[in-house]
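Those protein sequences? They're chains C and B, same order as listed. Just so we're aligned: 129 in my numbering is position 129 of the first sequence, and the numbers increase by one with no gaps anywhere. Just so we're aligned: 93 in my numbering is position 93 of the second sequence, and the numbers increase by one with no gaps anywhere.
Keep in mind the hints are simulated off the structure, nothing from the lab. All of these numbers come straight from a predicted model, not from anything done at the bench. Ideal Cβ placement from N, Cα and C applies to all residues, glycine included. Treat the hints with caution; some may be incorrect.
Claimed, not checked - Sample of chain B residues facing chain C (criterion: CB under 10 Å; computed from the structure):
1. G43
2. H45
3. D56
4. V58
5. A61
6. I65
7. L75
8. V87
9. T94
10. D108
11. E112
12. I114
13. D115
14. G116
15. W119
16. A123
As the list claims (entries may be wrong) - Derived lysine-lysine pairs resembling DSBU-like cross-links, with alpha carbons at most 35 Å apart:
17. C/K206 with C/K74
18. B/K150 with C/K150
19. B/K74 with B/K104
20. B/K150 with C/K74
21. C/K74 with B/K57
Number of protein chains: 2
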Amino acid sequence: MHRPMLQLALDTFDLPSALGPMQRAATHIDVVEAGTILCYAEGMHAVRALRALYPDKVLLADVRIAEAGSIIAKLAFDAGADWVTVVSGATPATMEVVLGEARKRERDVQLELIDGWTWAQAADWRALGIEQVIAHRSRDGEALGDLSWKPGDFDEMRRLADLGFKVTVAGGVEVDDLPRFAGVPIHVFTVGRAIRAAADPAVAAKAFQEAIARVYGAGEPVAAG
Amino acid sequence: MHRPMLQLALDTFDLPSALGPMQRAATHIDVVEAGTILCYAEGMHAVRALRALYPDKVLLADVRIAEAGSIIAKLAFDAGADWVTVVSGATPATMEVVLGEARKRERDVQLELIDGWTWAQAADWRALGIEQVIAHRSRDGEALGDLSWKPGDFDEMRRLADLGFKVTVAGGVEVDDLPRFAGVPIHVFTVGRAIRAAADPAVAAKAFQEAIARVYGAGEPVAAG
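Construct the entire structure; sequences and hints are all you get.
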């Protein structure tokens, strides 16, 4: 099993607040995420700045495309994003145009699984050519204040991987949660506040990388594509 | 029947390209729309600039919220938006937090109807407190290159109005289409390119207002709320 990558989610209300922690943690980060909030707050200027600062890292623009896919994807790719996100509520037609834009430039698309999706849809998305999905912790538990990962969450990730998807785990993972992912094929672990708001973002990011290596081995991370 | 308002959709790739036509057409515009593309390109700076320039007009931020509703709504309202949009694929929980943010500030929410919604959902949205919807021309026709309005489009708008929704007609309306809306209760007509790209945006916007007045009477436009 490949070693998953570590993604830092920069969900801040302005660019400077994102740049500080990112710059300190940079050595330990594989994927830089311009979060939805940052994209809305600063526009594609934020993506351009992160591209300029980190030319060799994977850059994700979490634009959560629901419609007007072709134009938003173009905006994000032109700004330097390697990956853009679409939401599971988008129509297959929208997903297709986003995939088309991505393929033209050898970039990729992540599909964010939002409550209400079905396994039949997941199979259709795979057939459409979607290769990456973003899985969340059960929202029902979250709504009740229970932030622990459930066996059902891991079953879902395994089943998504079995369908052929590369699975990103969305925010909320703590270092101590990592051992529970043993045997679950994960492409990217996304961490936000736990690194961004840490007293030392570099130390926090390094701790995540070490925890990932303990669970998955210290080999090369999975390919960026 | 109230006279519908005229909305100019500013869907440009940068702010200056939006400001030129908007400034020229301003006298004839009731609602200023910071389009999805503009919001992603320039961030909430675009909304702030439009608020500063047109303090007395209704300002819509077409942020198409699919998730993370509370934070995106806050960003847009803080920047000066009167209305924000959510997509019909968002969960009722997301819609509720966006409505909650709007009510706190006496602002409002528009729900964008994206292919795949059902009338049962529409009734639920109304019960949830959603008061405004954005209706499109049939996408099937559009995909086949047929841009005419169909009797079914008008039936859908009437039925939405019967449910108690204030209906915005999304882009693509031409001056010559207006007579076909006679008897259809519309809250806002959205026009983009037909005004923005006109040789004289003021003349084009005035022609729309006159066509609206011919169909709906020259009374006061509907309340902004």
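If any of the earlier hints don't hold here, list their numbers in rising order.
3, 4, 10, 15, 16 and 18
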